[in-house]
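Knowing the structure of chain A, use the given hints to seat chain B on it.
Chains as they are written, first to last, in my numbering: chain A, 2 to 407; chain B, 2 to 407.
Hints may be right or wrong, so weigh each one.
Which copy? The list can't say, so a pair holds if one copy fits it or any two copies do.
Straight-line alpha carbon distances no greater than 27 Å define the calculated DSS-like cross-link-like pairs of lysine-lysine that follow [as the list claims (entries may be wrong)]:
hint: 1; residue 1: LYS130; residue 2: LYS106
hint: 2; residue 1: LYS106; residue 2: LYS310
hint: 3; residue 1: LYS192; residue 2: LYS130
hint: 4; residue 1: LYS394; residue 2: LYS33
hint: 5; residue 1: LYS106; residue 2: LYS326
hint: 6; residue 1: LYS192; residue 2: LYS394
hint: 7; residue 1: LYS92; residue 2: LYS106
In short, the hints are calculated from the structure, not lab data.
The chain contents come next:
Number of protein chains: 2
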Amino acid sequence: MGLEVFKFGGSSLRSLDDMEIMADKIARYRQKGIQVVAVVSAMHGSTDRLIDLARCVSAGRHCREVDRLLSTGEQQSVALLAMALERKGIKAMSLSGSEAGIRGKGRYGDGRITAVDPRPVARLLDEGKVPIVAGFQAESANRDVITLGRGGSDLSAVALAAALEAEVCSFLKDVPGIYSADPRIVGDARKLPRISYGECMEMAAAGAKVIQARSVEMAARYEVPLFVAGTFSEEEGTWIMREDVCESLIVRSIASDRNVAKVAVLGVPDVPGIAARLFGALSEEGVGAEMIIQSVMRGQVNDIAFLVKKEFLGEAIDICRDIVKEIGAQGVAFDTEIGKVTVIGAGMANHPEVPSRMFSNLAAEGINIDMISSTSMSITCVVASSDIEKAVKSLHEEFIGGEGSL
Amino acid sequence: MGLEVFKFGGSSLRSLDDMEIMADKIARYRQKGIQVVAVVSAMHGSTDRLIDLARCVSAGRHCREVDRLLSTGEQQSVALLAMALERKGIKAMSLSGSEAGIRGKGRYGDGRITAVDPRPVARLLDEGKVPIVAGFQAESANRDVITLGRGGSDLSAVALAAALEAEVCSFLKDVPGIYSADPRIVGDARKLPRISYGECMEMAAAGAKVIQARSVEMAARYEVPLFVAGTFSEEEGTWIMREDVCESLIVRSIASDRNVAKVAVLGVPDVPGIAARLFGALSEEGVGAEMIIQSVMRGQVNDIAFLVKKEFLGEAIDICRDIVKEIGAQGVAFDTEIGKVTVIGAGMANHPEVPSRMFSNLAAEGINIDMISSTSMSITCVVASSDIEKAVKSLHEEFIGGEGSL
Chain A
2 MGLEVFKFGG SSLRSLDDME IMADKIARYR QKGIQVVAVV SAMHGSTDRL
52 IDLARCVSAG RHCREVDRLL STGEQQSVAL LAMALERKGI KAMSLSGSEA
102 GIRGKGRYGD GRITAVDPRP VARLLDEGKV PIVAGFQAES ANRDVITLGR
152 GGSDLSAVAL AAALEAEVCS FLKDVPGIYS ADPRIVGDAR KLPRISYGEC
202 MEMAAAGAKV IQARSVEMAA RYEVPLFVAG TFSEEEGTWI MREDVCESLI
252 VRSIASDRNV AKVAVLGVPD VPGIAARLFG ALSEEGVGAE MIIQSVMRGQ
302 VNDIAFLVKK EFLGEAIDIC RDIVKEIGAQ GVAFDTEIGK VTVIGAGMAN
352 HPEVPSRMFS NLAAEGINID MISSTSMSIT CVVASSDIEK AVKSLHEEFI
402 GGEGSL
Chain B
2 MGLEVFKFGG SSLRSLDDME IMADKIARYR QKGIQVVAVV SAMHGSTDRL
52 IDLARCVSAG RHCREVDRLL STGEQQSVAL LAMALERKGI KAMSLSGSEA
102 GIRGKGRYGD GRITAVDPRP VARLLDEGKV PIVAGFQAES ANRDVITLGR
152 GGSDLSAVAL AAALEAEVCS FLKDVPGIYS ADPRIVGDAR KLPRISYGEC
202 MEMAAAGAKV IQARSVEMAA RYEVPLFVAG TFSEEEGTWI MREDVCESLI
252 VRSIASDRNV AKVAVLGVPD VPGIAARLFG ALSEEGVGAE MIIQSVMRGQ
302 VNDIAFLVKK EFLGEAIDIC RDIVKEIGAQ GVAFDTEIGK VTVIGAGMAN
352 HPEVPSRMFS NLAAEGINID MISSTSMSIT CVVASSDIEK AVKSLHEEFI
402 GGEGSL
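Here chain A stands alone, though its shape is the one from the complex (with noise of 0.2 Å):
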């Protein structure tokens, strides 16, 4: 009998209604003699109002309480969909991640899983019930909660999957799939039948909102096949799996991402040790640098550029301005009127004419590019936010667009 664990995030948990979907989702996946593990987010909006309440009371840092407060987000809705199964007549039973097994460590709100006992899971398989699991929560050492952060839900769901050794793990979505880019900048965007775990992590890298990265890197490392499809479509979804079975093509999506802020620390005298200190200081407060650019001309200061997420320009700036006041730099610069745009495709590595043509397209368009990332299967440019979406419709139509291929 095979085994599917499904993940339902909150965009498809709006309202009582879409319970009652996912219950009917449940409902015909055990007809078909399929077993089934289920785990839930939060109804849409709750973690968020959650997290609105805490900063109210508290200083608004995660601690031990924030992170059981958010837990209880999760721990209503699995009881939900339990009542909502139990209600059509299929034995299901509620589980918190720390009584599914899962544990962690990390700072609260950042939490890592560390271990998956599958046994609870199990049992109540063998039992013939439909276990319902907290997603975004693990058990710390000091068994208390402790929260996985954005997107935590995904990972609960592949780690799960990963110790059930399921066959799939499905993540049931708004969006009835993954496309070749945002439909909503480009009407004929393609919905892709099949990706690899590799070109999945760089789209969401990439601002794409496909499946957590964290949670990409984990099936790939113990190779659970993702499924992305629509709660509310019947059509088929996305596949996301090894490169190898994946259909190889050069650019397989283009993806952008606005919710980015340049940083640039002015002045920096050119002595070891500083770039270290900067970014280890961004990190231990949780703030994610990314397309760091340091421009060194030899024994002269020098500029460090860098992006962050816009929820963190002000923590960032605040660090930055500590560092320069400390190392002698001159200031701090930042722009918010910026965005990333990407290019992804696993066959790009042995195509090397890829970041030309693309340089290419952006100039015919009169589009300036600010600056430049790339890895083996993707190559970013930091453009004009007001430039983004042209960049995506024109990116699009040279790579994928028409003929679908070089």
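This is chain B only, laid out in the frame that chain A set:
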């Protein structure tokens, strides 16, 4: 160093500002050198909202999942209160009922506390922290959450106070103490400085919004002094303690309750065991019956009448109809336009004139008495609900008002 258990009810938790007030109260006690354990209910209205959700999704009956859903209300409020304390620089830690060592058994939604392991809370006190315990919930033998029914947070507080041998268990409410009658009905109702456990139980049974009767019973058994005071008031509240330390008043208070309905099973054949069958069936479904009156006329069919809380009326009628069919009785009648008025006082036992004074007083007001029941420290009359207010005023004037004593 003295130890007090504080119970904060939902009616004192209407907003995050109220959280601040609780935190300030706790801070002031700590400054006086008093160790504090807080037992907290869900925020005002939260439990009702969760019950509504559960009703929409499930068949509405209490089950494992409903209890788990409801318990999140308290888990949110304890986390928030702990944050509010931490922000004031007071070390605090929130605990679920289970983590606080509160064990229970019984049906979901109607659990009883079987034991309290005081060690987890005592350990936090030793570490100088304020333990903030989620009321209304216990851990069942199979390690599930079980909720303790309406008013269950009172029980959590008293049970913890008993296990910790606290000097007092204080209830912070939206009223500054217990009164000789509902001040909204009787303008010159007096705040009582002291009442006995027995009187308090009678008041709870008579419908006064004091402390849950089971909790007072437990306090009496373990001799935990109780104190009721206003969250938002600096007035001295009401002590609830052993009878021999209370000033003996013949009549301490007048209580009333309109949330009752009368049910009568008509034409019951006079054979043994029928009452047992009827009230057994009611109690099995969790429907409490009170003021049971059976009018036996030798060799004749007769009627059995009793009161239930209004919310159980539908269920009670269904159960009675089944029994009527089974035993060949004539039918079921009910009346929702009634209420109880009760005169309470520990000194009553030695004053046999109280009942006749009560009946004369009501008669003089033109109030018809439908049913009567009495205990050693209370007399209750059932009257038309439209007469309740008049009856309370008149009886307060008769027994308490003016000089305040017989």
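- Contradicted hints - numbers only: 3, 4 and 5
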